[in-house]
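Asker: Sequence:
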Amino acid sequence: MILSRILIIIVMIIGGAEMIEQQSFLILAINPGANSTKLAVYQDNKPLHVAKIEHSDDKLAAFPKTEDQLPYRKSLIMEWLATEKIDLSKIAAIVARGGLLYPLEGGTYRINPLMVTHLGEAPNGSHASNLAGLIAAELAEEYGLPAFTVDPVAVDELEEVARLSGLKEIPRISKSHALNSKAVARTVAKNLGKKYQEMNMITVHLGSGITVAAHQEGRMIDVSNAVSGGPFAAERCGSLPVEELIHLCYSGEFTLAEMIRKVYRDGGLYSYLGVRDLRVVEEMVRDGNAEADIVLEAMAYQIAKEVGAMASVLAGEVECIILTGSMCYSQEFVARIFKRIEWIGAVVTVPGEEELEALAMGALRVLKGEEQAKEYNPKVAPGN
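This note's numbering applies: residue 16 is where the sequence shown begins, and numbers increase by one.
Because the hints were derived from the structure by calculation, they are not lab data.
Where is the CB? At the ideal position from N, CA and C, for every residue including glycine.
Please note that the accuracy of each hint is not assured.
[Unchecked claim] Straight line, CA to CA, 35 Å or less: simulated DSBU-like cross-link-like pairs of lysine-lysine: (1) K210 x K67; (2) K80 x K67; (3) K105 x K205; (4) K89 x K105; (5) K89 x K100; (6) K67 x K53; (7) K53 x K277.
[Claimed, not checked] So the derived label-pair ranges between C-beta atoms look like this: (8) G159 x P186: 38 to 44 Å; (9) E136 x S266: 25 to 31 Å; (10) A313 x Y87: 33 to 39 Å.
Please model the entire structure based on the sequences and the hints provided.
Answerer: Have a look at this one:
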């Protein structure tokens with residue numbers, strides 16, 4: 016009789032474990048970028064619905080500030096959900112790309128009221144990623160759902176020596192494509208039969224903004240600031256000659272807001288060629304446009320130079336260099352970078368980005384109880 020009861024208990028425990036393992040979670044992931052909003056609904060680790068909604072420059076120009084785009088982008092998300100017949104009442108959680116928050120360590124965070132305040136007021140800068148948490152918070156409140164963010168743009172794992180800029184009043188700040196950089200680094204490490212925490216590598220995120228990061232045993236110990244440093248990108252200036260920039264700021268030709276837009280939205284490829292799309296620039300090159308060719312080569316040159324700088328951060332101990340992001344779909348552009356960096360270490364190309372999957376997996380780990388969601392409660396002031 017006792018043995019029978021023990022067997023029944025064992026069966027009940029095993030059966031309960033199977034029920035927990037079989038429990039399925041639907042997760043809505045939201046990832047706004049400068050000119051698009053990417054969306055996905057995952058059932059656990061499987062994408063059921065994926066979309067990319069493009070936003071034209073003309074449409075976005077109607078909004079004075081990025082945060083003003085919230086109703087517009089939210090309405091497009093709701094239209095997509097309706098078209099795909101996705102019932103938000105069946106969603107287990109919403110997860111959003113993290114914005115320009117106060118510095119914080121990597122991980123999955125609950126979107127709390129303080130985070131919403133900081134995303135809305137944008138004390139650390141205005142960026143499309145700020146919209147994600149604001150939209151997620153509104154939907155979470157309307158439908159009674161938990162909302163999270165994973166590895167926000169503001170993830171700060173810099174070594175102390177990397178914080179010094181050369182001017183005491185202006186410390187170097189970590190603002191990067193941390194979500195995708197860490198996600199692809201983990202994936203590549205796994206494919207190599209290693210753990211991310213065991214490797215030294217350099218990631219190069221090539222999107223509308225560019226981030227080059229040095230990863231040492233699972234931490235991004237140095238990054239090129241995707242907002243105001245590193246190589247120039249499709250619409251961002253990257254690092255600029257300081258004295259000349261000061262003169263331009265005080266020339267009387269531009270207001271503060273106009274200068275910020277100039278370096279953040281109207282720089283890079285757009286400044287030289289009047290377009291932000293790499294595909295258009297490459298078409299110009301194929302048509303014999305010499306200016307487009309030198310501009311494109313200069314962008315590849317600056318990216319390679321930043322990779323070299325990060326190799327020195329890692330003291331030359333670089334196991335691989337990962338090129339990722341939307342620009343990696345261009346074999347021609349990748350080749351321009353590759354020829355300048357292949358001597359440093361093995362180069363791996365991961366076109367596109369894993370941000371939606373990384374967001375969903377971060378939320379899934381919390382829903383399954385594999386990790387605790389962190390609370391956003393920064394102790395430092397903006398810029399520190």
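Asker: Hey, K53 versus K277, does the alpha-carbon distance stay inside 35 Å?
Answerer: holds (26 Å)
Asker: Given the hint of 33 to 39 Å, check if A313 and Y87 actually sit that far apart at their C-beta atoms.
Answerer: holds (34 Å)
Asker: Is the Cα-Cα distance between K67 and K53 35 Å or less?
Answerer: Satisfied, since the Cα-Cα distance of roughly 4 Å is no more than 35 Å.
Asker: With respect to the beta-carbon atoms only, verify the hint that G159 and P186 lie 38 to 44 Å apart.
Answerer: holds (41 Å)
Asker: Regarding the pair K210 and K67, is the alpha-carbon distance no greater than 35 Å?
Answerer: Between K210 and K67 the Cα gap is close to 31 Å, so the pair holds against 35 Å.
Asker: Compare the distance between the alpha carbons of K89 and K100 with 35 Å, and conclude whether the hinted pair is satisfied.
Answerer: holds (16 Å)
Asker: Regarding the pair K89 and K105, is the alpha-carbon distance no greater than 35 Å?
Answerer: holds (19 Å)
Asker: So the hint says 25 to 31 Å: do the beta-carbon atoms of E136 and S266 match that?
Answerer: holds (30 Å)
Asker: Does the structure keep K105 and K205 at a Cα separation of 35 Å or less?
Answerer: Given that 35 Å is the threshold and the Cα spacing comes to 33 Å, the pair holds.
Asker: Mind checking the alpha carbons of K80 and K67 for me, to see if they're no more than 35 Å apart?
Answerer: OK: K80 and K67 at ~22 Å, within 35 Å.
Violated hints for the displayed structure: none, as all numbered hints are satisfied.
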